[in-house]
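Enquirer: Each chain is listed here by its residues.
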Amino acid sequence: DTAVSQTPKYLVTQMGNDKSIKCEQNLGHDTMYWYKQDSKKFLKIMFSYNNKELIINETVPNRFSPKSPDKAHLNLHINSLELGDSAVYFCASSQVRWGSGANVLTFGAGSRLTVL
Amino acid sequence: QKEVEQDPGPLSVPEGAIVSLNCTYSNSAFQYFMWYRQYSRKGPELLMYTYSSGNKEDGRFTAQVDKSSKYISLFIRDSQPSDSATYLCATKSGGSNYKLTFGKGTLLTVNP
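So the protein sequences, as listed, match chains W and C. Reminder that position 79 of the first sequence reads as 79 in the working numbering, one-by-one numbering, no gaps. Reminder that position 96 of the second sequence reads as 1096 in the working numbering, one-by-one numbering, no gaps.
Bear in mind the hints are in silico, worked out from the structure with no lab data behind them. It should be emphasised that the depicted structure is a prediction, and the values quoted were computed from it without experimental measurement. Glycine included, every Cβ here is placed at the ideal spot set by N, Cα and C. Wrong hints could be hidden among the right ones.
Claimed, not checked - Cut-off 35 Å, straight-line C-alpha distance, at most; resulting in silico cross-link-like pairs (DSBU-like, lysine-lysine): (1) C:1067 with W:22; (2) W:9 with W:22; (3) W:67 with W:36; (4) W:40 with W:71; (5) C:1067 with W:44; (6) W:36 with C:1067; (7) W:9 with W:19; (8) W:9 with W:41; (9) C:1099 with W:41; (10) W:19 with C:1067; (11) W:41 with C:1056; (12) W:40 with C:1042; (13) C:1067 with C:1002; (14) W:19 with C:1056; (15) C:1067 with W:9.
Said to hold, decoys possible - FRET-style restraints, in silico, Cβ to Cβ: (16) C:1014 with W:22: 38 to 44 Å; (17) W:54 with C:1059: 23 to 29 Å; (18) C:1109 with W:58: 38 to 44 Å; (19) C:1055 with W:28: 29 to 35 Å; (20) W:20 with C:1109: 31 to 37 Å; (21) W:58 with C:1082: 41 to 47 Å; (22) W:77 with C:1002: 27 to 33 Å; (23) C:1027 with W:54: 40 to 46 Å; (24) C:1071 with W:63: 34 to 40 Å; (25) W:112 with C:1109: 20 to 26 Å; (26) W:27 with C:1071: 39 to 45 Å.
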């Protein structure tokens, strides 16, 4: 039973199209994230939601819009896709325990987006 | 200067070797230090995490943090071909900060 699942796993599309990636977690965590990993394996945070509230919004073009319908789901919609958007997008979740400070992320398997 | 610097390698060692992977960081506020392992075409998975300075051992893996020099290390003893993966260090500050800052990852290959 997959803890953090993303769909689709692979996505090939043309420049200018709009696409969405979906993520679901069954761990009961209250915080979810989108990370982008480029071809050099650099993992960079894009967004984070805690109990459906946006808490991290890094410098990301506004063509990227996250949506969290409930705390178990976090979707990413991308408008007007560009070549530079080609990357692997990882969804992750965590349960931050107040006072402990630790924040252990559980990642999904990734969604590989290729923009032609 | 990037907040977390990590030599991307690649690093290739023979089976049984001791592997040393390292990161440096610049933000003194970082208190939590993690190592994630990422196999090809998979998501990163947590290997170890430590709080503040010191060592932590788990089987063949030892994580070491030296806050005075802002240096993080992961040692792998008796390396196995199954250890071949990309290793990413990550840090965060204390309190309610949710944001992990990752290094670029080091690609390790252990040859049989």
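Enquirer: Between the alpha carbons of residue 19 of chain W and residue 1067 of chain C, is the straight-line distance 35 Å or under?
Expert: Between residue 19 of chain W and residue 1067 of chain C the Cα gap is close to 43 Å, so the pair fails against 35 Å, i.e. violated.
Enquirer: For the pair supplied as a hint, residue 36 of chain W and residue 1067 of chain C, confirm whether the alpha-carbon distance does not exceed 35 Å.
Expert: holds, 28 Å
Enquirer: Would you check the hint for residue 1067 of chain C and residue 9 of chain W, treating anything up to 35 Å between C-alpha atoms as holding?
Expert: violated, 39 Å
Enquirer: Given the hint that residue 9 of chain W pairs with residue 19 of chain W, test it: the Cα-Cα distance must not exceed 35 Å.
Expert: holds, 13 Å
Enquirer: Please verify whether residue 41 of chain W and residue 1056 of chain C have alpha carbons no more than 35 Å apart.
Expert: holds, 26 Å
Enquirer: Taking 35 Å as the top limit, are the C-alpha atoms of residue 67 of chain W and residue 36 of chain W close enough?
Expert: holds, 16 Å
Enquirer: Would you check the hint for residue 9 of chain W and residue 41 of chain W, treating anything up to 35 Å between C-alpha atoms as holding?
Expert: holds, 17 Å
Enquirer: Is 31 to 37 Å respected by the C-beta to C-beta distance linking residue 20 of chain W and residue 1109 of chain C?
Expert: holds, 36 Å
Enquirer: Given the hint that residue 1067 of chain C pairs with residue 44 of chain W, does the C-alpha gap stay at or below 35 Å?
Expert: holds, 23 Å
Enquirer: Hinted pair, alpha-carbon criterion (35 Å max): residue 40 of chain W, residue 1042 of chain C. Please report holds or violated.
Expert: holds, 15 Å
Enquirer: Could you say whether the range 29 to 35 Å given as a hint is met by the Cβ separation of residue 1055 of chain C and residue 28 of chain W?
Expert: Holds - the Cβ-Cβ distance for residue 1055 of chain C and residue 28 of chain W, about 32 Å, lies within 29 to 35 Å.
Enquirer: With the threshold set at 35 Å, check whether the alpha-carbon distance from residue 1099 of chain C to residue 41 of chain W stays at or below it.
Expert: holds, 18 Å
The structure shown violates the earlier hints numbered 1, 10, 14, 15, 17, 18, 21, 23, 26.
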